[in-house]
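Undergrad: Line by line, the protein sequences give chains A and B. The numbers in full-length UniProt numbering rise by one with no breaks, and the one at position 200 of the first sequence is 200. The numbers in full-length UniProt numbering rise by one with no breaks, and the one at position 240 of the second sequence is 240.
In case anyone wonders, no lab produced these hints; they're calculated from the structure. As the structure is a computational prediction, the values presented were derived from the model and not from experiment. Please note that the accuracy of each hint is not assured.
A pair counts as met if it fits within one copy or between any two copies, since identical chains are not told apart.
As the list claims (entries may be wrong) - EDC-like, lysine to aspartate or glutamate: derived pairs with alpha carbons at most 16 angstroms apart:
1. K6 x E140
2. K340 x E123
3. K372 x D298
4. K43 x E150
5. K105 x D354
6. K6 x E150
Protein chains: 2
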Amino acid sequence: MENYAKIANTGKYRVVIVGGGFAGIELAKSLRDADVQVVLIDKQNYHTFQPLLYQVATAGVEADSIVHPFRKIFAGQKNFYFRLAEVAHVDTEEQVVETSIGLIKYDYLVIATGATANFFGNEQMEQNAISMKSLNDATELRNTILYNFEQALQTDEVEQHNSLLDYVIVGGGPTGVELAGALSELRKHVLPKDYKELNFKEMDIYLIQSGPQLLKGMSEEASQKALEYLEDFGVKVWLNRRVQSYDGYTATLDTGETLITRTLIWAAGVTGNPIPGIRKESLLRGNQLKVDVYNRVDGYDNVFAIGDIAAMLTEEHPRGYPMLAQPALQQGRLLGKNLKSLIVGKPLEPFEYDDKGSMATVGRNHAVADLKLLNKEYKTQGFFAWLIWMFIHLISVVGFRNRLVVLMNWMWSYFTYDTGNRLIVGRKHVNIPMEETVSHKTME
Amino acid sequence: MENYAKIANTGKYRVVIVGGGFAGIELAKSLRDADVQVVLIDKQNYHTFQPLLYQVATAGVEADSIVHPFRKIFAGQKNFYFRLAEVAHVDTEEQVVETSIGLIKYDYLVIATGATANFFGNEQMEQNAISMKSLNDATELRNTILYNFEQALQTDEVEQHNSLLDYVIVGGGPTGVELAGALSELRKHVLPKDYKELNFKEMDIYLIQSGPQLLKGMSEEASQKALEYLEDFGVKVWLNRRVQSYDGYTATLDTGETLITRTLIWAAGVTGNPIPGIRKESLLRGNQLKVDVYNRVDGYDNVFAIGDIAAMLTEEHPRGYPMLAQPALQQGRLLGKNLKSLIVGKPLEPFEYDDKGSMATVGRNHAVADLKLLNKEYKTQGFFAWLIWMFIHLISVVGFRNRLVVLMNWMWSYFTYDTGNRLIVGRKHVNIPMEETVSHKTME
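Full structure from sequences and hints, please.
TA: As structure tokens, this is what we get:
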């Protein structure tokens, strides 16, 4: 028994939740009053509010203000136990999870590990692109952007100069669109004040989308307006193109076109983050776990999956629900209720997705929103949508203190056209040294 | 000329300032209206408000809120140029600084590189202790503290457990005293809520001071009260002792006493941070540069030093002014004035230190202050001193936005007995693995 992690045995059953994203913390909360021990395992000690990662990356809000320590979120919940650990494997026969701090037994296992950037096996891309899934990714991008401009001051050579000033964002979903909008705000209002020696007319922002429209899954109006707004802001939106390779300097598209940039942001697709040990038969394409209407993983009695990692295939959603906060929160909440029913032998309630719509912000004063309220659809774009977007995101940020800091930042930057966090603190993306890229010119 | 850094030639003379601490930015500001080009070189892109580093380390304020980007501070100053670079060497004959981005010529060179932790050649100590001079140090300490508690949950073995729960702070100056006070606040109000499984009666905080009193340089009353407050808060203050060695687990004192801890914080002494290439004869003990009353480095016409790196030996201060913010700010301001005089051939004004006193805070509601106003001395300790300390530090934080965030944090933690930033983000101190320290027990 030596290699068991130390956790007191309390409660009748132990529910082990792997991953503290939206789904995981919502489940833990809804088990507040259950006669179970809730053990949350995460490799970070904080929950990340992912929808605002792009604002950290563009120096809009403090990194610390969009994350919240698990121990603080659950300070008042007696049956809650947090363990900072990485999960290596699960043995569903023995009902035990193998982690970096030892083995952890479970009665019910809930996999809420979310999704990670999908590079479709392109290792060169994975190595050279920056993704936007974690706080580390976001601060790395922020540091890289600022460092690029510092470096750009030191070269006159046109191509090198452009490679530092130009940005390529791959993927026209909410992350790509919001990031492109925020970058164009920086270019217009903030950076020229900081870098008077640079000419920001030379800074190009490309948004590459594989399909014919942005914000796939939203309404035609929303897609169209998002495109309009971005083009108004001077973003070069390239539709119907894929980036096929990127060596850290030259991005090559399926059309044969090339773009020179030292910073390619990959927001093009995600893949599930399954735990080794779960049977292969339950894994779908995209590494998601196939679950039934109770979020039970196919082939198991006491193993569940919720949020982005779970694929609940229904007639209306034959490829599963969209990987958004709402399905994750709702699945977490319902599973809590169902686990309580399961324990006392009551019947379970099947999941039904209450789609409240979706939205994306596109720079200052502009957003697009497809809302669903009381079974009615409301589509709105522009300033009003932007106000709604801000309100909903502000109240959704976890932690009252965080909400205050985010609000203060937003008000500050709205009235001053300034952002407060243009800091190079911590890791930056490792660029190919300038010397090594000069040869590219002759290769083309 | 290939290897010169790219900086346009503007202004009649170029003043190169190395280091953007209090002294460096104050000098750059006071050259606002001079017909010179001001080039500030720093290896970070931000100014750090060092007096609040200990609050970052103890999760009291956001890391981002006590630093401020240079480019933002000087956004309105036309003759100001910032370069993110490390200085390797100076050639005072050729008047050129060798940096990581190339050579930079100067007409006047100002060394404002500050001081760094002095381990007095003890390499083992340097490797195992955490110092408190930079934002990276402070976040590293924060991450380490939080990680220690996570680890402590996983061991029952008494000595190992204590090694994770106990803290040794070396040095009873303001940093040591403030850190000890803040840690005892965490122990009392914050950590027990986060780590209900741990017994915080087992957490010991040691403050080791080589001399017979804390806060050397302040009044007898201040020293005495600081000691009283700390002992009331349960800090174990050990006077007249030195830590002689620390292997990352066992700290051995000159009295032969030993303390077991995985976290030893070194706040015991600093040493100047000189630039290679400055003649040895100008270097004093403690690696400071000997300067005249105009802050001119001994032996040079156009090389100056200000702030912690400068030693201006006077009758009243035979070992130079204390390494505090006030002398640095005042020297920076006067040197700006003097450089302007020098250029037009006017006589220079000798430096006179306007000592406004000093203060230190000791946990919630308590501080000690020796103030000097209009040549009168005021000594105060307790709640009123604490209010003064807060007011002065708040208005001194650089940047209005930062002031708001810090104020909000302070009000928040004052009323909720909570702090907001208990995040393990980024690097932590590399501890010796538990397995490797078990043997220590048998060695003693």
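Undergrad: Against this structure, judge whether each hint is valid.
TA: Verification of the hints:
Proximity of K6 and E140 under a CA criterion of 16 angstroms is satisfied in neither setting, with 34 angstroms inside one chain copy and 26 angstroms between copies. For the homomeric pair K340 and E123, neither the shortest alpha-carbon distance inside one copy (44 angstroms) nor that between copies (57 angstroms) is at most 16 angstroms. For a Cα distance limit of 16 angstroms, the shortest separation of K372 from D298 qualifies neither inside one copy, at 31 angstroms, nor across copies, at 75 angstroms. Taking identical chains as interchangeable, the C-alpha atoms of K43 and E150 lie at most 16 angstroms apart only when they sit on different chains, with a minimum of 12 angstroms there against 33 angstroms within one chain.
In the homo-oligomer, the alpha carbons of K105 and D354 never lie at most 16 angstroms apart, since the shortest distance is 34 angstroms inside one protomer and 66 angstroms across protomers. For the identical chains of this complex, K6 and E150 are inter-copy neighbours only, at 11 angstroms across copies versus 48 angstroms inside a copy, given an alpha-carbon limit of 16 angstroms.
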